[in-house]
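Engineer: Using the sequences and the hints given, assemble the complete structure.
So the sequences go chain by chain: D and C. With the numbering used here, the residue at position 91 of the first sequence is 91, and numbering never jumps. Count along the second sequence from 1, then add 1000; that gives the number in the numbering used here.
A couple of the hints might just be wrong.
Said to hold, decoys possible - According to the in silico footprint, chain D covers these stretches of chain C (three or more CB under 8 Å from chain D):
1) 1016-1025
2) 1053-1059
3) 1071-1085
4) 1093-1101
5) 1104-1114
Said to hold, decoys possible - Here are the simulated DSSO-like cross-link-like pairs (lysine-lysine), alpha carbons at most 30 Å apart as the crow flies:
6) C:Lys1058 <-> D:Lys220
7) C:Lys1052 <-> D:Lys220
8) D:Lys220 <-> C:Lys1025
9) D:Lys220 <-> D:Lys70
10) D:Lys33 <-> D:Lys220
Worth flagging that the hints you see were computed from the coordinates, not collected in a lab. C-beta atoms are modelled at their ideal positions from N, C-alpha and C, and glycine is treated no differently.
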Amino acid sequence: MEIIVKFLEKNGLVFAFLVVGLIIYLSGIISDKLTRRKIPASAIAILTGLVIAYFGGVYSGGEKGIADIKIFSGFGTLGGSMFRDFAIVSTAMGASFLVLRRTGWVGALSLFLGIVLSFLGGVGVALLWGYRDAVSLTTIGAGACTYIVGPVTGAAIGASSDVIALSIAAGVVKAITVTIGTPFVAKYIGLDNPHTALIYGGLMGTTSGVTAGLAATDPKLVPYGALTATFYTGLGCLACPSILYLLMRLTLGS
Amino acid sequence: MIIYGVAILAFCYILGQLIGEFLGKLIGVDANVGGVGFAMLLLIFLSDWLHKKGYFDKSTENGILFWNHMYIPIIVAMSAIQNVKVAVSSGFIAIVAGIVPFVICLLAIPLLAKLSKNTKPD
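Structural biologist: So this is what it looks like as structure tokens:
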């Protein structure tokens, strides 16, 4: 037993690959069998991660979730900022600037509006819950954009880990809401053509939520929604820790 | 070669993050400001340009696509190292902060759709 524990500690990153793979595999089964793909596997896997982090935190008493348990220390590397940012940058591939330009100014407008509206919505909720400092408000507002923008923003402006966790949770809730809600609201907002799908993707922004939600509505609309949504996280990562954070600081006068 | 793709990605990452670092210094926030965003824009332009020049073969592209596909697993690992224990004590806020933006953005859709249809005949 001791040999195994020592071995897993030494090969933490590789062990993390294995465990994350298992989590995603099981999430796929749960998504298929229990929710009939209403909730995408990725959303379940991320929620599972948050649940594991909770129990890891309770068990170890530390602040870094599962990574505080020695054999799972590889999670700290795999989920750390270097790998995270590296992988996020790679998602920009496949989003051609020329194609976006062809979608016209509405696509761009929906992107900016989507980020600002989501951000303000998140900030409003955080204010209601008693947060008053610019860093926490900005991070939670960014989390209301997507579960990527939240932690990237939080890490950039130095938010505390619990606020970052909150921003991820908010982003995950949004992804699930968009996934489940899209087929139901499609009728009422005229979401039955590529043009509206483009706007929808830009406004909602959460790529996993938009693509899964549109697939449940009409698979033909998926690429249009995904096209604008691909830019959302990048623009959010650009705007939230810079312009929007500065505006928050100016507004709060701190 | 697959390493070319990874190297291109690394180039964009490093340059973008450095721009973010310097921008942070410039506006005095002592943090990386939008480094990831700059790196993404760089990658979009660079991969577009390399595509046009014909330097971008399938295996080079795979070097970037691998990380593209790793991004959900990495986000899963990232969520597993967050301080959820503390966040849970304010749990309901996450649900409200996730649903409110969805509702607000829904309301904006008919408006945007109408705006664009007036100017575009298709």
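Engineer: Hints first: check each against the structure and report whether it holds.
Structural biologist: Okay, the hints, checked on the actual structure:
1. 1016-1025: holds (count 5)
2. 1053-1059: With 0 residues closer than 8 Å to chain D, the region 1053-1059 of chain C misses the three-residue bar; violated.
3. 1071-1085: holds (count 15)
4. 1093-1101: holds (count 9)
5. 1104-1114: Answer holds; 8 residues pass the 8 Å Cβ test.
6. C:Lys1058 <-> D:Lys220: Judged against 30 Å, a Cα distance of about 26 Å means the pair holds.
7. C:Lys1052 <-> D:Lys220: Status holds; Cα separation ~28 Å.
8. D:Lys220 <-> C:Lys1025: Answer violated: D:Lys220 to C:Lys1025 is near 45 Å, above 30 Å.
9. D:Lys220 <-> D:Lys70: It is violated: about 47 Å lies between the C-alpha atoms, which goes past 30 Å.
10. D:Lys33 <-> D:Lys220: 24 Å, holds
Going through the hint list in order, the structure does not satisfy hints 2, 8 and 9.
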